[in-house]
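Protein chains: 2
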Amino acid sequence: MARSRIWQYFVLSVYAAISIPGILCLWPMPRSLKAGTTSLVLSTSFSIDLQVQDAPEDLQQAITRTQSYLRNDNLGRLVVGRGTSDLGLLQGAKELQSLRVTLSNEAGKARSISSEATAPLGSRSEEYSLVIPSAGSTATLIANSTLGLFRGLTTFEQLWYTAGEATYTLEAPIRIIDSPAFPYRGLMLDTARNFFPVSDIKRTLDAMSWAKINQFHWHVTDSQSFPLEILGFTEVAAKGAYSNSIYSPEDVKDIVSYAGARGIDVVVEIDTPGHTASIHESHPEHIACYDSSPWMTFTNEPMAGQLRFASAATTNFTAGLIEATARMFPSSLFSTGGDEVNLPCYQLDVETQRILNATGQTLQQKLEMFVQTLHGGLKGLGKTPIVWEDLILTHNVTVSNDTIVMVWSSSSAAEGIAAKNLQIVHAPSDYFYLDCGAGEWIGADPDGNSWCDPFKTWQRAYIFDPYENLTESHQHLVLGGEQVLWSEQSGPQNLDSIIWPRAAASAEVFWTGPTLPDGTPRNVQSALPRLYDLRFRMVQRGVDAIPLQPLWCALRPGACDLMDAVKVPSPHDR
Amino acid sequence: MARSRIWQYFVLSVYAAISIPGILCLWPMPRSLKAGTTSLVLSTSFSIDLQVQDAPEDLQQAITRTQSYLRNDNLGRLVVGRGTSDLGLLQGAKELQSLRVTLSNEAGKARSISSEATAPLGSRSEEYSLVIPSAGSTATLIANSTLGLFRGLTTFEQLWYTAGEATYTLEAPIRIIDSPAFPYRGLMLDTARNFFPVSDIKRTLDAMSWAKINQFHWHVTDSQSFPLEILGFTEVAAKGAYSNSIYSPEDVKDIVSYAGARGIDVVVEIDTPGHTASIHESHPEHIACYDSSPWMTFTNEPMAGQLRFASAATTNFTAGLIEATARMFPSSLFSTGGDEVNLPCYQLDVETQRILNATGQTLQQKLEMFVQTLHGGLKGLGKTPIVWEDLILTHNVTVSNDTIVMVWSSSSAAEGIAAKNLQIVHAPSDYFYLDCGAGEWIGADPDGNSWCDPFKTWQRAYIFDPYENLTESHQHLVLGGEQVLWSEQSGPQNLDSIIWPRAAASAEVFWTGPTLPDGTPRNVQSALPRLYDLRFRMVQRGVDAIPLQPLWCALRPGACDLMDAVKVPSPHDR
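As you go down the protein sequences, you meet chains W and B in turn.
Quick note: the first sequence uses the UniProt record's numbering, first residue 1, plus one each step.
Quick note: the second sequence uses the UniProt record's numbering, first residue 1, plus one each step.
Worth flagging that the hints you see were computed from the coordinates, not collected in a lab.
Hints may be right or wrong, so weigh each one.
Since the list gives no way to pick out one identical chain from another, each pair is judged satisfied if it fits inside one copy or across any two copies.
As the list claims (entries may be wrong) - Each computed DSBU-like pair below joins lysine-lysine, with the alpha-carbon atoms no more than 35 Å apart:
#, residue 1, residue 2
1, 567, 239
2, 94, 379
3, 420, 567
Take these sequences, add in the hints, and give me the full structure.
In structure tokens:
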């Protein structure tokens with residue numbers, strides 16, 4: 001019952017042998033990797049020797065976590081028996097006594113991981129070098145930054161399997177020189193359609209850091225609710241949130257520092273001028289077509305209501321709100337949204353039409369002024385604005401050249417952004433939307449499926465080409481990408497299971513780049529067992545990452561791969 | 001970004017008003033229901049007065065659970081403010097002091113819920129009558145069986161909302177006379193592709209009972225693993241399970257009694273002769289084409305290997321295994337499977353071909369003998385056999401008239417089963433498969449989606465018509481139906497979220513039948529708020545049922561319903 005009756009549809013073909021990947025299961029795969037075939041075990045007295053002067057607290061805590069993961073992951077190898085048969089190979093194996101962690105001479109004074117993770121995109125160093133000698137004794141991790149050291153610690157944790165009492169690798173010596181292919185490797189979470197407690201966000205940040213995802217794109221507010229308490233604008237959440245489902249300034253500090261300590265930059269989004277009906281509860285004067293009906297004429301999701309951007313008062317209010325929010329986040333990035341601005345809303349808004357007539361300006365000119373005012377305020381704070389593609393491609397708004405544009409409608413839309421010489425973050429719904437394919441959430445639609453069917457599999461995300469549709473001269477505009485969870489049908493109940501391990505797929509796309517260290521292209525066949533190791537570690541560490549196959553397949557890499565059936569002569573053929 | 005830009009595609013239409021359903025949110029809806037408009041609160045000293053002589057322990061425990069749910073559900077009404085505005089209406093409301101629980105005179109001596117839940121399908125009484133007077137004092141629940149009383153208690157729990165300190169209804173008096181439209185209302189779980197601990201199964205049984213689902217179809221074994229320890233055949237699980245992921249006889253007793261106490265009959269399936277490769281680990285002599293390659297020629301899922309049913313020794317072994325398993329379960333039902341039998345496997349099996357030549361019988365004749373032997377053994381134990389449709393429709397096997405056939409390939413296949421005058425349980429993949437639409441689990445398939453895309457929404461399951469494609473003369477053959485979870489991509493991590501609240505949809509289809517108590521047809525619009533109340537109760541009781549919409553929609557029934565957009569004149573039209 002689990003697949004259609006394939007045996008009815010024989011295909012004559014050659015039987016291709018399955019290539020079984022190696023056992024060194026890192027995720028994301030490092031850029032440069034050399035491994036051997038010598039067994040090596042972690043000494044029972046293994047220690048991490050931090051040789052960094054005035055080591056920042058978050059680095060020390062990261063080392064404590066690494067030691068805890070090494071002790072508790074208990075990950076068996078992906079073979080029947082989970083590696084118990086390896087114990088023989090470990091007889092008399094050398095022992096690794098310690099990992100020596102140091103900064104390079106160029107590094108200068110050690111800064112906290114947090115401060116390096118939130119530095120401007122171009123200015124961060126995530127590079128590290130990790131050497132595990134086959135002779136045991138001491139391994140070395142060196143980097144130009146504590147952020148690089150943290151990435152290296154994350155890789156070191158993934159090198160080891162457990163069998164019986166032994167924590168070991170069969171592939172020493174190991175030499176890794178690593179740095180990401182793209183600076184922006186993100187995950188977006190919508191906390192406005194449905195709310196997620198701080199503990200859920202922290203658990204998600206942990207899982208992100210294990211896959212070296214470094215940007216948490218927080219779509220915190222929307223038309224359904226406004227859960228962010230903003231200093232000076234506390235009435236907006238007080239009246240616009242789901243009752244007391246509010247992130248306080250203390251919660252934001254907590255989330256930002258938790259993320260930073262894990263090498264993650266929190267990019268907040270206050271979506272404007274659309275997706276803002278919830279602001280009406282506190283500021284009706286700034287919202288046009290509030291609750292207008294039928295909602296489908298005035299918004300893509302109930303309820304209708306958008307910022308009256310043609311109004312100078314609304315523009316000033318919004319700029320103030322944005323600046324106050326930006327001050328709560330250390331990131332150099334800030335998203336003002338800009339997606340799905342609904343025009344009929346303003347065509348029927350008397351106040352907007354009055355302003356347009358009085359000033360003799362068009363709606364498009366007013367939208368441009370609105371966006372430029374918000375972005376001017378952000379630049380005054382030293383921040384780089386991010387917008388969704390719609391402002392550029394649908395409304396033809398002119399933005400400054402440093403603006404980062406998130407492509408979402410389709411991967412093919414990147415071309416139009418590149419043509420305007422703007423920087424690109426890939427978030428295409430046809431590859432990266434985690435919510436697609438789970439059915440219709442709009443009511444009274446008996447047969448409805450999601451608007452972006454089908455489900456976007458990990459395989460689909462993994463085969464994404466960051467340079468698809470882009471000329472070579474435009475490739476430098478790609479900063480990276482992110483998988484995206486809109487929460488119409490998500491809550492704490494399915495947060496982990498809808499995100500993990502799928503969202504690790506793009507993490508490897510944007511860290512490892514087009515090819516694996518041996519020069520072969522990324523491919524789902526060799527990726528699957530490595531993704532399993534990450535998934536098993538996630539489960540062991542308390543994240544509900546789902547199985548991708550029957551365990552039978554997971555323990556036999558390649559055995560469940562797609563292959564053509566072969567025709568068997570039936571008696572009737574004789 | 002959450003839906004396509006609908007405003008670009010205006011449709012001229014009339015704006016239809018939304019009908020807001022009432023607040024009496026029961027799931028499944030009773031067959032007969034009368035409600036008033038009087039407020040009534042549960043007395044702080046509310047008690048359940050069990051007037052049943054020698055009340056069985058599982059009934060007493062059910063009453064204790066009901067009292068706990070009444071105290072702890074804390075379910076607010078689906079309105080903004082969650083019903084705090086109701087407190088005014090409760091001023092001076094009458095108090096309900098107690099619920100009197102009795103058996104009717106026809107009932108005879110009280111038997112345990114378990115024994116009644118596991119009685120033969122036709123012989124159970126789930127009927128009950130529940131009266132809540134508007135004058136308060138005492139409500140009464142009466143039934144012909146403790147099973148009926150349990151169903152009534154489940155309904156009573158759903159009548160109450162909480163606001164402030166008050167547990168109340170606004171719709172007294174309430175008079176319910178209820179009994180299911182169909183005797184078989186099931187949920188199937190596959191514990192062979194991936195394993196689920198006993199605690200996960202128990203939590204699932206609890207959630208099932210809240211929706212009055214009464215059949216747990218346990219697809220316990222398959223080719224990937226054999227996790228059931230069977231007395232006299234302990235080697236099969238010892239060698240065929242995923243290491244120590246085994247259900248012991250004690251676990252089975254525990255699950256069966258936990259289910260029975262919740263009005264649930266556990267129907268175990270040992271799928272034969274296909275889906276049995278895991279038996280090879282202990283009995284290679286009984287398995288043909290074991291691990292033959294390419295697997296897609298010999299099985300629908302890795303790995304290949306099927307019972308050598310043409311062999312008398314294998315038939316005897318299997319009959320013994322089935323009978324030993326059947327003795328572990330009190331149910332009068334037992335599934336011998338029979339789906340997806342792969343024929344090429346036997347065409348290349350030397351031993352099978354030798355037997356066919358020696359006996360001069362065909363594979364089809366041998367398959368029929370095999371099935372009839374297994375079913376003969378079951379009937380000797382007083383059990384009714386269940387099979388998947390394939391044996392009848394694909395292999396044209398003759399089975400006795402009391403055999404129950406599960407329809408899975410498509411809802412349209414029911415017609416062919418009815419034509420043979422066999423009883424039907426609906427489990428059609430095009431309506432009820434919970435695993436569909438989550439992507440391809442077979443490896444090395446970069447762009448693959450699930451074979452049964454798209455995702456089967458709760459709406460899709462809810463609009464299922466049990467009599468579709470059936471003539472009136474065949475309708476009596478329909479026993480009910482079940483939603484189905486194949487676990488290729490499920491584990492404890494997503495068990496709740498993939499099942500709930502979706503699997504409650506068919507529970508109402510098969511309990512309530514085609515119409516609601518007011519005679520109107522079941523429809524997703526009026527169902528959604530009631531399904532929400534069930535979902536919120538599930539979450540409060542520890543089951544991770546997912547949100548179906550943004551909370552904004554959930555609290556405003558009808559506000560997010562599909563409606564046509566209206567064309568707004570743009571300046572260019574003037």
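- request: Tell me, in ascending order, the numbers of any earlier hints that this structure violates.
  value: 2
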